[in-house]
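Peer 1: Below, each chain spelled out in residue letters.
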Amino acid sequence: MNPFLLLSGVLLVVLAGPGLLLVGRGTATARLAGLQLASAVTVLLLTVLSVAMGQPSLLIVPLVTVLLSFAGTLVFTRLLRGHR
Amino acid sequence: MSAPPGALGVVVWVLCVLSALAVLGAAAGALLLRTVAERLHLVTLVTSVAAPATGLACALTLGVSTGTAAVVVVVALLAATAPVLQTGIARVEREDPAE
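Chains as they are written, first to last, in our numbering: chain E, 1 to 84; chain H, 1 to 99.
Since the hints were made in silico from the structure, they are not lab data.
Each residue gets a CB set at the ideal place from its N, CA and C atoms; glycine is no exception.
One should not assume that every hint holds.
Just the calculated beta-carbon pair ranges, DEER-fashion [said to hold, decoys possible]:
no., chain 1, residue 1, chain 2, residue 2, range
1, H, 79, E, 16, 20 to 28 Å
2, H, 48, E, 60, 22 to 30 Å
3, H, 5, E, 74, 38 to 46 Å
4, H, 11, E, 79, 21 to 29 Å
5, H, 5, E, 71, 22 to 30 Å
6, H, 83, E, 2, 29 to 37 Å
7, E, 75, H, 76, 34 to 42 Å
Simulated coverage check for chain H against chain E, where a stretch passes if three residues somewhere in it have a Cβ under 8 Å from a Cβ of chain E [stated by the list, open to error]:
no., stretch
8, 1–11
9, 79–93
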């Protein structure tokens with residue numbers, strides 16, 4: 001059994017279950033906190049899948065994802081502060 | 001790509017299980033806890049415990065390569081950007097708790 005496939009399965013379940021619930025429920029700020037959790041789990045999932053499949057060249061995908069999710073979440077915080 | 005044989009493989013397994021448990025705990029805690037501040041603390045569990053453990057497991061499997069460098073950069077970026085985002089979200093929550 002491959003530990004990376006096991007870990008990717010756990011990450012996928014967390015992302016599809018609690019991740020989506022946290023992103024879709026509660027106040028806007030609570031959803032934003034859920035989005036950050038889901039983004040971190042997504043980056044880990046993409047990294048682990050790249051290693052599990054033996055395709056290290058695909059590691060560029062989580063690298064870009066972490067940068068884009070950082071910028072995107074910052075934009076959301078600015079948007080929410082502007083709505084006060 | 002499977003875990004390397006021998007003791008290194010055991011270390012990789014332990015790191016992967018630790019990472020899985022940390023992510024599961026953070027997700028379960030985020031569902032149970034209600035306030036935004038408490039949820040933000042749980043994100044730290046993913047970015048500061050699960051991510052380095054996963055990165056180390058990947059690095060031990062890949063060996064010295066550009067793939068390992070990419071994994072290290074991803075983990076470092078994840079750990080470095082998370083506090084900035086958490087501070088931003090907490091500031092929004094503090095300024096307007098109703099929203």
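Peer 1: Each hint needs a verdict: does it hold in this structure or not?
Peer 2: Here is what the structure says about each hint:
1. Separation of residue 79 of chain H from residue 16 of chain E is about 24 Å and conforms to the stated range, judged on CB atoms against 20 to 28 Å.
2. At about 24 Å, the beta-carbon gap between residue 48 of chain H and residue 60 of chain E stays in the expected band of 22 to 30 Å.
3. The hinted window of 38 to 46 Å between residue 5 of chain H and residue 74 of chain E holds, with their beta carbons roughly 44 Å apart.
4. In this structure, residue 11 of chain H and residue 79 of chain E break the distance hint of 21 to 29 Å, their C-beta atoms being roughly 43 Å apart.
5. A hinted range of 22 to 30 Å is violated for the C-beta pair residue 5 of chain H and residue 71 of chain E, which are about 41 Å apart.
6. For the pair residue 83 of chain H and residue 2 of chain E, the beta carbons lie near 32 Å from each other, so the given range of 29 to 37 Å is met.
7. Taking the beta carbon of each, residue 75 of chain E and residue 76 of chain H are about 22 Å apart, not inside 34 to 42 Å as hinted.
8. Counting residues of the stretch 1–11 of chain H whose CB lies closer than 8 Å to any CB of chain E gives 3, which reaches the minimum of 3, so the coverage claim holds.
9. Proximity of the stretch 79–93 of chain H to chain E, defined as three or more residues with a beta carbon under 8 Å from a beta carbon of that chain, is established by the 10 residues found.
When the structure is compared with the earlier hints, violations turn up for hints 4, 5 and 7 and for no others.
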